[in-house]
Amino acid sequence: MTLADRLLYLLILPILPLVFWFFWQPATQALQADIHVNGQYQQRLSLQDNQTLRVHGDLGDSILEVQDGKIRFKDSPCTIKRCVHSGWLKHTGDFNACVPNKVSIALLGSGTQKFDSINF
Amino acid sequence: MKKAFLILFITSFISACTPKEQEYRDSLFVLGTVVNVTLWGVEEQKAAQAIKDIETDLKFLHTVWHPWRFGAMSRTNELLALNEWFSANPSVLPVISKSKQLYTLSNGLFNPAIGQLIALWNFHSDEILDGPPPERSTIDTFTKDLPTMDHVEVNGFRLRATHPKIKLDVGAIAKGMAVERVITYLKQIGINNAIVNAGGDLKAIGQHGDRAWSVGIRHPRQDSVIAGLEVHDNESVFTSGDYERNFEYAEKRYHHILDPRTGYPADKTQSVTVIHPDAGLADAAATALFIAGPEQWQEIARKMKIELVMLIDQQGHVHMTKAMAKRLTFEIEPEEKIIVN
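These protein sequence lines map, in sequence, to chains A and B. Count along the first sequence starting at 1, add 89, and that's the number in the working numbering. Count along the second sequence starting at 1, add 13, and that's the number in the working numbering.
Only chain A is shown next, with the shape it has when bound in the complex:
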């Protein structure tokens, strides 16, 4: 074994388990959220940047809040506020919408999401 071989092993061996963990495990923690209004794409938010923003829909402004890797409807101009009561989203594939205001949030992450659809 030459010095070059030893250096190659030293470089690759520690990386292998990390590569396996990053690409092969279901990445359930979401990293980003796509915002749509009436089916039209508006913007992509990073869940790593805490923020509050207004998204204008059919009835008025929905208030979205991002905090510590999660996102939620903080308020919305609908009457029943089911979107607000649904609480925080944080997993890849999570989805919530204010139906009357036609504003929706879809969470994305790296790799594959664990479930194709959520039943509730």
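All clues given are correct.
Computed cross-link-like contacts, DSSO-like style, restricted to lysine-lysine with a CA-CA straight-line distance of at most 30 angstroms:
| hint | chain 1 | residue 1 | chain 2 | residue 2 |
| --- | --- | --- | --- | --- |
| 1 | B | K59 | A | K203 |
| 2 | B | K318 | B | K339 |
| 3 | B | K72 | B | K178 |
| 4 | B | K339 | A | K179 |
| 5 | B | K200 | A | K203 |
| 6 | A | K191 | B | K72 |
Calculated directly from the structure, the hints in this document are not laboratory data. If you're wondering where the values come from, they're calculated on a predicted model, not measured in any experiment.
Keeping the supplied structure of chain A fixed, place chain B upon it in accordance with the hints.
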């Protein structure tokens, strides 16, 4: 040895790639909720056209079956109140016939004839729910002389009600029948791998590529999934939960799943999940079994021929059929699991 490591290193990147481009997803604001459609292996133009057609169909069904907004069902309710024979709009006949059948099979726990009771509680409204609940005397008067699906007579296209308080509200079965119609349409146009999810209740056909569709069932009390499962071709997964529509008044929570026997929200269950090929039946059964509660659900499930059931009671204990237990992988282990034959 060196070659082996290099190959392993490189292939660990390549083999992690999944062909996401074969998946087409869209969301529709229709049926008073969000309908998420996922198609697999469909060319984009065909998928986009299918979504447009689905939206048109669902908007039509929402109008014709809506219990109080102007449409075929609200007109049917006006005519039923006359207690005389009339010719019905054909669009309401399938849901009325199926409701009559499932009313009988559920021992009356699924009873869409209680539209007036639902209206008393204001659960039929699009407005904010904030109580107070209806007067007990008003509820008792209603339940003492309860309108049922047996009071709706069907003779071909003609209908008649034999109770003055009949008002049909098919909210507990409409989503299921609508999802079933969408699935039938997709198969007719040659799309055989899809999930149609209407406000959380879904039916799947085919597979996601070379694996089964995977579905997570939401925990009734936490913002996470309680259990996951692989959904087979032509299976529906429907859940009724006390968290879906509710209001609080004087520190008590009232939800929308009313027990026709008492006139009050059924209070022994947090959620029921049913798996069955027939989405309309699954929808109605989830409601009926929720109302039946932990003491009675097995009897009703047997009568409705439902083999895959999970009921979570008010203490968070999970009751399941053996067949359902085999299908589920719990993400959050419940304190207690009761598995029955």
